[in-house]
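Undergrad: These protein sequences, in sequence, are chains H and Y. Each residue of the first sequence is one higher than the one before, counting from 15 in the working numbering. Each residue of the second sequence is one higher than the one before, counting from 959 in the working numbering.
None of these hints come from the bench; they were simulated from the model. Bear in mind that the values here come from a model prediction, so they are computed numbers and not experimental data. Incorrect hints may have been included.
No farther apart than 27 Å at their CA atoms in a straight line, the calculated lysine-lysine pairs in the DSS-like style are these [unchecked claim]:
1) Lys21(H) x Lys968(Y)
2) Lys1109(Y) x Lys102(H)
3) Lys1049(Y) x Lys102(H)
4) Lys1068(Y) x Lys160(H)
5) Lys1068(Y) x Lys34(H)
6) Lys968(Y) x Lys119(H)
7) Lys166(H) x Lys1049(Y)
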Amino acid sequence: MHNAIIKPEHVQTMIRRGGKEHSVESLNGKSTALVVVDMQIYFMGEGQPSECPIAREIVPNVNLLADATRRAGGIVIWIQTHSGPESKDFWSAYYDRMTPENGEKRVTGMSPGGSGFDLWPELDVRNEDKVVPKTRYSAFIPAPSKLDAVLKENEIDTLLITGVSTCTCCESTARDGMMLNYRTMMISDGCAAPDDDLHNNSINQFYLQFGDVQSTEEVVALLNQNVAAAAE
Amino acid sequence: MSQNKSCLLKENIEKIINRDGRPHSLTGFEPKATALIVIDMQNFYIAKDQLSYCEYAEAIVPNINKLANSMRHFGGKVIWVRNVTNAEAFKGWGAHYDRMTRERISTRKKELAKDGNGFKLWEGLDVRKDDPKVNKIRYSAFIPGASNIEKILGENGLNTLVFCGVATNVCVESSARDAMMLNYRTLVVEDACAAGTIAGHEAALNALYLNFGDVQMTDQVLKALSSKPESINEVAAAE
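So that you can see chain Y by itself, here it is in the shape it has in the complex:
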């Protein structure tokens, strides 16, 4: 899904210009307050032999590495979020597991366990030792009890989140929706996300753009990250 053109519909861009006075609301970042949140770029979703293989996921790895590199250089954080299945995940989420066959459940249990092969971050990713890693037990990292991400964000004073990863319409979208409702300034990077289908990917990005936060291409974000950092207050004052 490393498309080189934005999938935002013209009519939706017009709606946003009408409501917000501009097509993109997140154009200035403060380094100390900004984090790249990489969702579920694990073997379970990227490796061909895995249960939840997403054929478009490997193609977004270069964009994610560029964003991560640029974010660190800019002074922001890079946080790697991983799905994990453990006893707690199973016990508390029958609403999810009751919708699956036994075979699927046992594969998920084995592969997404902490020592499972599916759990590991994809080896082509440029993951640094100092980058925080967060494990989550729901689709959204922000739903109560799902992870300690809010604690990490709070401790580091991070309030602006740039989302990428897999799957656009499931874990990325649910995390971004919840984050925005918890008052984080939220941006999703189109060509650094992948879904099982192009239609699902594009529908999610348009829904996010209309109601939840900004949606931009990798190049737009890289450009903003390479320019002179602005404090949020200056940005707000300029608007």
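Extracted from the complex, chain H is given alone in its bound form:
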């Protein structure tokens, strides 16, 4: 797991700007979605082209969050990257940068049926959850996106972002979600990056300008308040 740290000076900045350390102090379960980004074999399996070993370590936290979100009345969304052969055309700005061999590896690896396409088997994916495809880093681009449609249908206004990798697909989805006016939070120990620096730079930047950052334990406690309130 990453040694995730929000720098104390950034906490001071947020207190100065917004009057408090955390902008999210409660969660309404019914309008909350856990968004799990790209927890696919391509990014998680040993020897896979974009293996991020720490992604395997966050699986228990993602499963805990999924359970807490469902119990609070929210929905769990598993984002799955599809990289069919047509992606070479509609995203040539991306593939033109890399060698043809590396481009081909990505296209075949994450095409439906490809060796890296499936969600990681240890994830607790339930029938009532949504599995939503994306074709770029951010699940909100291009618009109109499937993710945005699912969120609107389910009257979701708050996003909890987890998955891999923190600084690329998680951060871009989280940034875009916030700019589309979802109250967006990144989970500090529910995202994984290639190393601690990339992870910490990403969550600190997000915390300063885009949305809140909290740990799995903190977020599960906020979600559980819904369950407690319902029981009363």
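Chain H is already provided as a structure; the job is to place chain Y on it using the hints.
TA: Chain Y in isolation, oriented as in the chain H frame:
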């Protein structure tokens, strides 16, 4: 932040050489398809007495003017993007404004309104009458509803974007990330961007370089813009 050395980490350059076969992917430009996109170089971020003053922003003005001049001479466009706050911006972006104190919101509202002093482009910039100006109501100019930039780019046949401005890790980075995902060939000019902190500036540039597009110094871009224009197809064929 007008550093004279690139901040790209050696290990990241090695990763890119490994993945792409070369350290820089954007080395040839087609004049008619290329635009310099200058993000938020407004008083609000550059003037000392303003709320979001960025102490490193004024120092990048000479590089931005050089790039703008060279881009026009080359035959490309220069587009000035400005943050604006209006009723629409407030109504649709509670996720942003709910994180601020009332005082900050009212200052932003006043200064970044179309007639506010903070809204104006910094006077040291070489802005020409013919340069398109774009107003945006989010950090990224490319998020749906934020601006009309995609319309302007489409009308002018522009598909290669050279980004500079302020802040590297917020509006420049979000615009560049989204632009690349919308399939624009994207380049960010290191020493023509500024952020609130050196660490934030450098982390953003390295993240952009690893996954979103090319990152180069002003001199590298000026050199490419002064050489014989190549069509994108010729460049692609040569690769």
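Undergrad: Now look at each hint and say whether the structure bears it out.
TA: Hint check results:
no. : hint                   : result
1   : Lys21(H) x Lys968(Y)   : 25 Å, holds
2   : Lys1109(Y) x Lys102(H) : 23 Å, holds
3   : Lys1049(Y) x Lys102(H) : 38 Å, violated
4   : Lys1068(Y) x Lys160(H) : 37 Å, violated
5   : Lys1068(Y) x Lys34(H)  : 24 Å, holds
6   : Lys968(Y) x Lys119(H)  : 25 Å, holds
7   : Lys166(H) x Lys1049(Y) : 18 Å, holds
Violated hints, listed in ascending order, are 3, 4; each of the other numbered hints is respected by the structure.
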